[in-house]
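Colleague: Construct the complete structure from the given sequences, taking the supplied hints into account.
Protein chains: 4
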Amino acid sequence: MPTDGEQASFELGIKFGALFHQFIGTPVSESSAKSLETAIEESIENQPHCESVAVTIDREVLAGDVGPYGYTGLAGRHLNVDVVVSKDGRRAEGSMQMVDGYPLMTLDAVE
Amino acid sequence: MPTDGEQASFELGIKFGALFHQFIGTPVSESSAKSLETAIEESIENQPHCESVAVTIDREVLAGDVGPYGYTGLAGRHLNVDVVVSKDGRRAEGSMQMVDGYPLMTLDAVE
Amino acid sequence: MPTDGEQASFELGIKFGALFHQFIGTPVSESSAKSLETAIEESIENQPHCESVAVTIDREVLAGDVGPYGYTGLAGRHLNVDVVVSKDGRRAEGSMQMVDGYPLMTLDAVE
Amino acid sequence: MPTDGEQASFELGIKFGALFHQFIGTPVSESSAKSLETAIEESIENQPHCESVAVTIDREVLAGDVGPYGYTGLAGRHLNVDVVVSKDGRRAEGSMQMVDGYPLMTLDAVE
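Residue numbers (this note's numbering), protein chains in the order written: chain A, 387 to 497; chain B, 387 to 497; chain C, 387 to 497; chain D, 387 to 497.
What the hints contain is simulated information worked out from the structure, not anything from laboratory work. Keep in mind that the hints are not guaranteed to be accurate.
Copies of one chain are not kept apart here, so a pair can be met inside one copy or by any two copies together.
[Claimed, not checked] Restricting the straight-line Cα-Cα distance to at most 25 Å, the calculated cross-link-like pairs of lysine to aspartate or glutamate (DMTMM-like) are: (1) 420 with 497; (2) 473 with 446; (3) 473 with 444; (4) 420 with 451; (5) 473 with 416; (6) 420 with 474; (7) 420 with 479; (8) 473 with 486; (9) 473 with 390; (10) 420 with 390; (11) 473 with 427; (12) 420 with 446; (13) 473 with 431; (14) 420 with 431; (15) 420 with 444; (16) 420 with 468.
Modeller: Structure, rendered in structure tokens:
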């Protein structure tokens, strides 16, 4: 049987996969970034055992991607994400950041 | 060559296909519905030639779908959508509503 | 009332918006590109009035995006798409190609 | 520091969240289900540490959902999924099935 720490880690992974693949490609601009951050956070926080989700869309990176039409599609390179889940007394924390051009999702701590 | 009215209608169709397939499946609850409505509207309004997007998530239908975990995935049956695009002097208006269990997208007027 | 040509153009736009926003971000590599092309085509061809969908994932562009992990997320720059819809005797044809870093969707002909 | 078993469980969770939120809503019919199953499997298998993905779209449930237009959007209730990941010598196995109307993702074993 998986341990409680493994169960919490599995739940955390689900949140990262869901967040990324639900919202990647969403049209986003500097003026709409704030409402998208909020919607992503509140959406993923609905999922079971999810304690908190913090999403920041990097406005500088975003500004560099916005071309002649004034917007771009949300990409991994725009996102900084922290998620905490809590299940059966164990708390798992993870984050997402760009490494080698990939949006690397990491399990930072299980308490 | 396509007419200006056909071009505006094509642009309008893009917005409906994009809106539906980007956001369907997003975890949503009665408490997060408002932020999701706003994010969908502001996101799609970024697209070229898009004048306005109005999204209402039907709270009654949503409440009926929310099960033991307190949320569900956004589905066509939750959505009422109106979109207006304007291109080369022509304005196309469309809407989305449920017909026969399908989220039917309709072109309502081209002016 | 919208004309038949406008209705066909609207339907065509829906297919492009749906195709792009459903599949963007899908993990793809040179070895999985073929099955993804087929699935996208067969999926969108299910939609009402859709006569044909032809999708090519540019293997050269894809190869340039595949990093140390051997895959990337499907992006507009990988895609060449042709779609034909037919409704009430009118046929609308469109295509998608990269222009100024955007996946530009164009209405090519209404017959 | 998280254990190797927790790391493998986290990676497995990512695959389930990604698979579900990338493909939910995809237009699907009895004739296109096979190509969609294959594309989902080959797509998610691209992700780091992913050993195998097996996807079955339940044709009976699908047939019940296909209405007058001959297709529906892919939903959790259509899917049976098994995924295995392997990382740093630990193997995590999970599955997805419907429980209480939710597509429940479960961590079945960590070896």
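Colleague: Give a verdict on every hint.
Modeller: Status of the hints after comparison with the structure:
With identical chains, the CA atoms of residue 420 and residue 497 are never at most 25 Å apart, being 31 Å at best within one copy and 33 Å at best between copies. For the identical chains of this complex, residue 473 and residue 446 are neighbours neither inside a copy (36 Å) nor across copies (30 Å), given an alpha-carbon limit of 25 Å. With identical chains, the CA atoms of residue 473 and residue 444 are never at most 25 Å apart, being 30 Å at best within one copy and 31 Å at best between copies. Taking the shortest alpha-carbon separations for residue 420 and residue 451, only the intra-copy value of 17 Å comes in at or below 25 Å, while the best inter-copy value is 28 Å.
Proximity of residue 473 and residue 416 under a CA criterion of 25 Å is satisfied inter-copy only: 23 Å between copies versus 36 Å inside one chain copy. Taking identical chains as interchangeable, the C-alpha atoms of residue 420 and residue 474 are never at most 25 Å apart, the minima being 33 Å within one chain and 31 Å between chains. Taking the shortest Cα distances, residue 420 and residue 479 sit within 25 Å of each other inside one copy (23 Å), while across copies they are farther apart (27 Å). Proximity of residue 473 to residue 486 under the C-alpha cut-off of 25 Å is restricted to the inter-copy arrangement: shortest distance 19 Å between copies versus 32 Å within a copy.
Taking the shortest alpha-carbon separations for residue 473 and residue 390, both the intra-copy value of 8 Å and the inter-copy value of 19 Å come in at or below 25 Å. Proximity of residue 420 and residue 390 under a CA criterion of 25 Å is satisfied in neither setting, with 35 Å inside one chain copy and 34 Å between copies. Proximity of residue 473 to residue 427 under the C-alpha cut-off of 25 Å is restricted to the intra-copy arrangement: shortest distance 19 Å within a copy versus 29 Å between copies. Taking the shortest Cα distances, residue 420 and residue 446 sit within 25 Å of each other inside one copy (14 Å), while across copies they are farther apart (27 Å).
For the homomeric pair residue 473 and residue 431, the shortest alpha-carbon distance inside one copy (14 Å) is at most 25 Å, but the shortest distance between copies (28 Å) is not. In this assembly of identical chains, the alpha carbons of residue 420 and residue 431 lie at most 25 Å apart whether taken from the same copy (17 Å) or from different copies (14 Å). When the C-alpha separation of residue 420 and residue 444 is checked against a cutoff of 25 Å, the pair qualifies both within a copy, at 11 Å, and between copies, at 24 Å. In this assembly of identical chains, residue 420 and residue 468 lie within 25 Å of each other by CA distance both inside one copy and across copies; the values are 16 Å within and 22 Å between.
Taken one by one, the earlier hints fail for this structure at numbers 1, 2, 3, 6 and 10, listed in ascending order.
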